[in-house]
Every structure is written in C-alpha cells, then in structure tokens.
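K.L.:
Letter by letter, the chains look like this.
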Amino acid sequence: MKIRVDLDLCQGHSVCIEEAPEVFSVEDQADDYPKVKVLNFHPSAELQGQVRLAARYCPNKVITVIEDNE
Amino acid sequence: MKKIPIVSGAKPDTGHIEEYSANFVQFLLRAEAECGPLAEYNLAGQETILLSGVEAQEFFFRGSDENLSRAAAYQAMVPVFGPGVIFDAPPDKMKSQLKIQVDALRYQNMKNYAPVIAQEVEDWIADWGDEGELDFMDEFLDLTIHTATHCLLGKDFRDKMTAEFKTLYRDLEAGLQAIAFVDPYMQQPIFEQRDRARERLEEIITAMIDERRNSDIEYNDALATFMTGTYADGSCLTSTEVTGLVIATIFAGHHTSSGTSTWMLTELARHPKEAAGIVEELNAIYQQDETLSHNALREMPKMESFLNEVLRVHPPLVVLMRRVINDIEFDGHAIPAGKTVAISIFGSHRNSEYFPDPEKFDPSRTEPETMFAYIPFGGGRHKCGGNAFALLQQKAIFSALLRRYSFEIVDHSDSYVDDLSGMVLRPQSPCRLRYKRRVS
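So the sequence lines, in the order shown, correspond to chains X and D.
Just so you know, we're using the numbering used here here: the first sequence kicks off at 1 and counts up by one.
Just so you know, we're using the numbering used here here: the second sequence kicks off at 1 and counts up by one.
Bear in mind the hints are in silico, worked out from the structure with no lab data behind them.
Misleading hints may appear alongside valid ones.
[To be verified] Derived pair list, reagent style DSS-like, types lysine-lysine, alpha-carbon separation capped at 30 Å:
(1) K35/X with K93/D
(2) K302/D with K436/D
(3) K37/X with K383/D
(4) K37/X with K93/D
(5) K111/D with K2/X
(6) K61/X with K302/D
[Claimed, not checked] Estimated spans, in silico, between C-beta atoms of each pair:
(7) G49/X with D65/D: 34 to 40 Å
(8) D68/X with D159/D: 53 to 59 Å
(9) G49/X with D357/D: 34 to 40 Å
(10) D130/D with L53/X: 39 to 45 Å
(11) D65/D with D68/X: 36 to 42 Å
(12) K37/X with D130/D: 53 to 59 Å
All C-beta atoms, glycine included, are put in the ideal place defined by N, C-alpha and C.
Generate coordinates for the entire structure from the input sequences, incorporating the hints supplied.
P.N.:
Listed below in structure tokens is the structure:
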C-alpha cells in the first residue's frame, strides 16, 4: 500500500490522526490551516485497515490509498 | 484570444441585475445554455463571467488567492460579520481567523456534538403527540439555531437564549440578497434592519465574552476556541473579532442547514420507499448502539446517499464568486483584472454528463470520479470548513427524528418549491408536512 495526500485540500480536520495515529499527524502552520503529515508512506499490513478508514472518513478527501495491486 | 460571449437581455445602465435579482437560478442556467462554458453578464456595473463545466470549475477552484480574491467578491458579508472580520481583515489575519474557526470544528471537538444535537431533537419533538402538521421551514430554522448555539456557544448560552436572538439572526440573514452584492451599504430597510441586528448581537455576545473572561470555569466549546486562538504574532482576537467569528460561524451554518433539513424531510415524505429503507438501516444501527454516538453516525450508506441527492438537487448555495486581481486566461479567453468570475453549483449539479436525467431525484446515483462536478460545499482549498459538521448534524437530526415519526406531504407535491428571494436556497414557507408517531 502507498499513501498520497493533496495538501492543498487539507484543512486539518484531524479525522486521520484519530483513525491511524501511527501513520498520520497534523501539524500547525504559521498562517494557514493545519496540515496532515504522513509519518509512514508504506504502512505495515496491520495498520492498513486503519489507513483505509482514515482515507474514507477524511471530510476533504485529502488522502488517497494506492493498493499494491493497483 | 477568443471573445467571451455576452448573455442577451442587458439593459443600458443596470445590465442583467433585474433579471438576476428576480430569479438568479434560472438566469445562470440560461446564461450557460445560451453562451456555453464562459458567459459574461453585468450586475449593475460588476462584469461577471460564469464558468461552467468541470474543467472551468476546476480552474476556478484551483486559482491562487493572489489571482482570484474571495474577500473582494464577498464584501456583502462585511456588514454581517463586522469590521476586521474574515473578508474585511488583512489577508494574513483572515487566514488565521479561518484557521481558528475550523479548529472549533475539528474531529476531536466534533465528537461531542452528536449527542447534543440528538438531545435538541428530543426536546423539540417532546410535545408533538401522536400526529400533527407543521411548517417545517419555520421549525428547522429554530432547531438549527438551537443546535448551532448549543454546540458552538455552550449549554449555558443555549439555556439562556431568548426569542430575541432568533429574530436578530433572521434579520441579519434577510439582508443577504442579490442587491447586497452590488452595494451592501445603500439605504434600504433590509440593510438598516441587518445593521441593527448586528449591533445588538454584538452586545449580547460581548457580554458573554466578558462574563467568561471574569470566570474560572473552563469551557471546551467553539467560543472558548475563538477566545484562546492567536494570530501568528501570538496576540489574541479582540472581542469584536471573536463576536464576528461567532456570528460568521452560526451564519454559515444556519440558513444553509435549515434549508437542507427542510428539503431532506420533504423529499423523505415524497419518497416513502426510500424513507422506509433508511429507517430499517437506523434500526439495525441502534440495536447495537442505543445512544447516538459519533461512531454510529459514520456509516449510514442509505441515509448518506439520500442526503447527497438532496444536496445535489437543492444545493443551499447556488453561486460562488471570486474577484479577478491579476489578468488570467482560460481556454484561450483573456479574463482581465477587475472582473468577477463565478460558478453555479446549481448548474453543475444539473450537468447531464455527470448526472443523467438531472431533474430526477435518484438517491442511487454514484458520485462522479472528478471532485469538481458534485460540489455542494464548494471545492479546493476554500471548501466549506463546516462540511463535516453539516453532514454530521443532518445525520444526527434524522437519526433521532425518523425513528420516532413518519412524514407525509400535505399539499400537492409540485407546490414544494425553492424560495428564490434570498441568496441561500430553501423551500418556500409554509412547507407543510404531516407527522405520525411510529408504532414500534
């Protein structure tokens, strides 16, 4: 699995850090919305379920998950 | 360079403002049908170019703040939000304010809101009895001001809220008409009423801020977030700015959400089969989770597709605008600085390329791949920051409501139509529906 994020769309709603705190963090910006930071672009098998939920529930569709077979 | 076609019917001095004010939804549909992806019209001197189609809309949403200004296009909001707030603040301060505003709506704060909304619905329906008939446009205007103040300003404010507060909000919202985008300061009764309401709201909210500043109680609602939020230099917002953010946040969610709830209930009453499916879905969820938790609300496929279709057919905001600051170019057309560019959400949601048979209400539609066709909350970096709250609120309201009551239309189905007098679409009042208690 690979993870792609579109930072332009991120407003720091922070759903991802609730779903997959091992993979995402949200960092404050000087004069912009807080933005997601991917801590691990190739999450291990046991984290992948949480990552899919983070992508699914992100209100701004910032996170794209690319599965290995895609 | 190609020439941008001009919409027919312009009057010598005022351009298209008369037709636009009378029915801006139809005007924008006509503009696109007549001229195609770029259509120029004139609103009492403000030359505006409507950008239609997914490519043009993507161009609009991806435009940089340096080239396309929201603040310049939305000066009509300044007398509503107040001086120095959002569209009247310098760009860096505006960014900080929007950041503080969205902070109050982030997930970790939102988790507390679902049970609050459910409780408001329970209180609302407590004296309904077994059956009856109500004007739901009126009812939802009340309910959503209750939920918004309760979630954002806290329980103490909600408990003390008087009828005056609601009246003030209605007066404030009534001032937002097409003409306000031409000049929001001209002498007009609706604008005088708006300014009096804004002044009195500031008194009420400032008193509350002062009370909190002198108190030891710790709050964790949106008002607390606004009061502790800081600019890049570490300074706090002034009381006027905090008041402005409170007004702006409630304003953004009140008219829009109440209109959506009313359309949602009307469409449910018009589509009993789909409504029954949603109730079935709710019953299955509630068997496992008696209290309405945030988690339970996350997955409701039937409710969500129905809500998505309501927002497609009845998008609360019809048109979005930006003022062109530096000359730009789209598809071989020059768009000079000083003009306004606009997109029609209503028109986009009726694009038959993405929504076949667009007038048909069909919750089984699948969302298009592109992010720039279905745009009830706008798109790009300025997408509505309240989108997650808005959807959560609708799901919480209808989860609590539909398990208790079923609904039927009272008048002829075709008589439920949009009220086009304001800039935010909602059903025309009275929007009469009949309710009946469900027998479990």
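K.L.:
Confirm or reject each hint.
P.N.:
Hints versus structure:
For the suggested pair K35/X and K93/D, the alpha carbons sit about 18 Å apart, so the restraint of at most 30 Å is met. Between K302/D and K436/D the CA atoms are separated by roughly 22 Å; this keeps the pair inside 30 Å, and the hint holds. Distance restraint check for K37/X and K383/D: the Cα-Cα separation of roughly 20 Å lies within the 30 Å cut-off, and the hinted pair is therefore satisfied. In summary, the hint linking K37/X to K93/D is supported, as the alpha carbons are separated by about 24 Å, within the 30 Å threshold.
The straight-line distance between the Cα atoms of K111/D and K2/X is roughly 29 Å, inside the 30 Å bound, and the hint therefore holds. Between K61/X and K302/D, the direct Cα distance comes to roughly 20 Å. Compliance with the 30 Å bound is thereby established for this hinted pair. Between G49/X and D65/D the CB atoms are about 38 Å apart, so this pair conforms to the stated range of 34 to 40 Å. As the Cβ distance of D68/X to D159/D is approximately 54 Å, the hint placing it in 53 to 59 Å holds.
Our hint of 34 to 40 Å for G49/X and D357/D holds, since their Cβ atoms are close to 38 Å apart. The hinted range of 39 to 45 Å is satisfied by D130/D and L53/X, whose Cβ atoms lie roughly 41 Å apart. A hinted range of 36 to 42 Å for the beta carbons of D65/D and D68/X is consistent with their spacing of about 38 Å. In this structure, K37/X and D130/D meet the distance hint of 53 to 59 Å, their C-beta atoms being roughly 54 Å apart.
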